[in-house]
Amino acid sequence: MRTKLIAGLLLAAVAGSVVFILLRGRAPAPVARISRDGVLLEEIDLSQVDEPYSLTLEDDSGRNVLSVERGRVCVSEADCPDQVCVKQGWVSNGAVPIVCLPHKLVVELVGTGEDLDGGAG
Amino acid sequence: MAGPVKGAGRTARLALLTAIALTIFLAEAQLPVIPIPGVKLGLANIVTVYAMFVMGPGDALMVLSARVFLGAVFSGQPMTLIYSAAGGALSWCALCLLRKGLSQNQIWLASPAAAVFHNLGQLLAACAVVKSWAAMAWLPYLLIAAVAAGLFTGIAAQALIKRLNRARK
Numbered sequence: 182m183r184t185k186l187i188a189g190l191l192l193a194a195v196a197g198s199v200v201f202i203l204l205r206g207r208a209p210a211p212v213a214r215i216s217r218d219g220v221l222l223e224e225i226d227l228s229q230v231d232e233p234y235s236l237t238l239e240d241d242s243g244r245n246v247l248s249v250e251r252g253r254v255c256v257s258e259a260d261c262p263d264q265v266c267v268k269q270g271w272v273s274n275g276a277v278p279i280v281c282l283p284h285k286l287v288v289e290l291v292g293t294g295e296d297l298d299g300g301a302g
Numbered sequence: 381m382a383g384p385v386k387g388a389g390r391t392a393r394l395a396l397l398t399a400i401a402l403t404i405f406l407a408e409a410q411l412p413v414i415p416i417p418g419v420k421l422g423l424a425n426i427v428t429v430y431a432m433f434v435m436g437p438g439d440a441l442m443v444l445s446a447r448v449f450l451g452a453v454f455s456g457q458p459m460t461l462i463y464s465a466a467g468g469a470l471s472w473c474a475l476c477l478l479r480k481g482l483s484q485n486q487i488w489l490a491s492p493a494a495a496v497f498h499n500l501g502q503l504l505a506a507c508a509v510v511k512s513w514a515a516m517a518w519l520p521y522l523l524i525a526a527v528a529a530g531l532f533t534g535i536a537a538q539a540l541i542k543r544l545n546r547a548r549k
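Those protein sequence lines, which keep their order, are chains L and B. If you read the first sequence in this note's numbering, its first letter stands for residue 182, the second for the next number, and so on. If you read the second sequence in this note's numbering, its first letter stands for residue 381, the second for the next number, and so on.
What the hints contain is simulated information worked out from the structure, not anything from laboratory work. These figures come from a predicted structure and were not determined experimentally. It cannot be assumed that every hint is accurate.
Said to hold, decoys possible - Chain L regions said to be covered by chain B (calculated; three or more residues, Cβ under 8 Å): (1) 182 to 193; (2) 255 to 269.
To be verified - No farther apart than 30 Å at their CA atoms in a straight line, the calculated lysine-lysine pairs in the DSS-like style are these: (3) L:185 to B:480; (4) B:420 to L:268; (5) B:480 to B:549; (6) B:420 to B:549; (7) B:480 to B:420; (8) B:386 to B:511; (9) B:549 to B:386; (10) B:511 to L:285; (11) B:542 to B:386; (12) B:542 to L:185; (13) B:542 to B:480; (14) B:420 to L:285; (15) B:511 to L:268; (16) B:386 to L:185; (17) L:268 to L:285; (18) B:542 to B:420.
For every residue, glycine included, the Cβ atom is placed at its ideal position computed from N, Cα and C.
Please work from the sequences and hints to get the whole structure.
The structure is reproduced here in structure tokens:
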């Protein structure tokens, strides 16, 4: 009985996750919201970007260089030891944010209407 | 099942388990990294599950915390300690509850559940570090990975316990 309950909960968690992943990538998310240590640094409407450019974010903890293009963004360079944010590459939908844990930096793509989606709050 | 081991025998056994877990942990760290942050097989948790079900929660906690601390030091990434410790604490709590509810042949099921809580704890720690809930978007990916990896280590732990029990007879 307990076995069935545990197995059922695990199965439900996996099924729920699959549905969530499939739904979340579809919602339009043109705004890149960049925050560090919970403070909003910058908001870029990626649909309005004409020329690709790079943006350097630097503080005591370290440096991240962002590449911004129309509809997508990535961390092209960082001086953190793990390079997880760089390896993640281009992000063009709201499925998952770019997170640089050593520098407490978060780059998430959100829709234009979402003002309080777990951002700078 | 072996009865509770006391004194020097217990200390030696704890040290042995910690050494095995640490070796597995460091060997696994040499494998190529999976592109989703925080995802790995977690082979060292075979030892955690073994310690929890054969030796008990207290001993399991000692082996787990020693391995997590030394693993962070030896791998040269002390910052990862926060995430492993948070994940380890939550998964230890889950295992404590599962220990009562599962029979000897259902131990394999404890591992995926514990892995889910490990990844949840890891992610909560990450959210606390960056002070944003945005990182929670990784949760569905981490849940799927946790169940898959947990099943693998769980079945391995089950086989290990069964064979060691047979060897002791």
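Outcome of the hint check:
1. Requiring three or more residues with a Cβ within less than 8 Å of a Cβ of chain B, the coverage given for the segment 182 to 193 of chain L holds, as 6 such residues are present.
2. Taking a C-beta to C-beta cut-off of 8 Å, the segment 255 to 269 of chain L contributes 5 residues in contact with chain B, enough for the three needed, and the coverage statement holds.
3. Distance restraint check for residue 185 of chain L and residue 480 of chain B: the Cα-Cα separation of roughly 15 Å lies within the 30 Å cut-off, and the hinted pair is therefore satisfied.
4. Restraint check for residue 420 of chain B and residue 268 of chain L: satisfied, since their Cα atoms lie roughly 16 Å apart, inside the 30 Å limit.
5. A threshold of 30 Å between alpha carbons decides the hint, and for residue 480 of chain B with residue 549 of chain B the separation of about 24 Å falls inside it, so the pair holds.
6. A C-alpha spacing of about 35 Å is found between residue 420 of chain B and residue 549 of chain B, which places the hinted pair above 30 Å, so the restraint is violated.
7. Of the supplied pair hints, the one linking residue 480 of chain B and residue 420 of chain B holds, its CA atoms being roughly 27 Å apart against a limit of 30 Å.
8. Straight-line distance between C-alpha atoms of residue 386 of chain B and residue 511 of chain B comes to about 45 Å, which puts the hinted pair past the 30 Å bound.
9. The suggested pairing of residue 549 of chain B with residue 386 of chain B holds, with an alpha-carbon distance near 20 Å, which does not exceed 30 Å.
10. Straight-line distance between C-alpha atoms of residue 511 of chain B and residue 285 of chain L comes to about 8 Å, which keeps the hinted pair within the 30 Å bound.
11. Between residue 542 of chain B and residue 386 of chain B, the direct Cα distance comes to roughly 22 Å. Compliance with the 30 Å bound is thereby established for this hinted pair.
12. Restraint check for residue 542 of chain B and residue 185 of chain L: the C-alpha separation of about 22 Å stays at or below 30 Å, so the hint holds.
13. A distance of roughly 18 Å separates the Cα atoms of residue 542 of chain B and residue 480 of chain B; the hinted pair therefore holds under the 30 Å criterion.
14. For the proposed pair residue 420 of chain B and residue 285 of chain L, the alpha carbon gap of about 22 Å is at most 30 Å, so the pair holds.
15. For the hint pairing residue 511 of chain B with residue 268 of chain L, the CA-to-CA distance comes to about 22 Å; that is within 30 Å, so the pair holds.
16. Restraint check for residue 386 of chain B and residue 185 of chain L: the C-alpha separation of about 36 Å exceeds 30 Å, so the hint is violated.
17. Of the supplied pair hints, the one linking residue 268 of chain L and residue 285 of chain L holds, its CA atoms being roughly 17 Å apart against a limit of 30 Å.
18. This hinted pair checks out: residue 542 of chain B and residue 420 of chain B have alpha carbons roughly 25 Å apart, not beyond 30 Å.
Checked against the numbered hints above, the structure breaks hints 6, 8, 16 and satisfies the rest.
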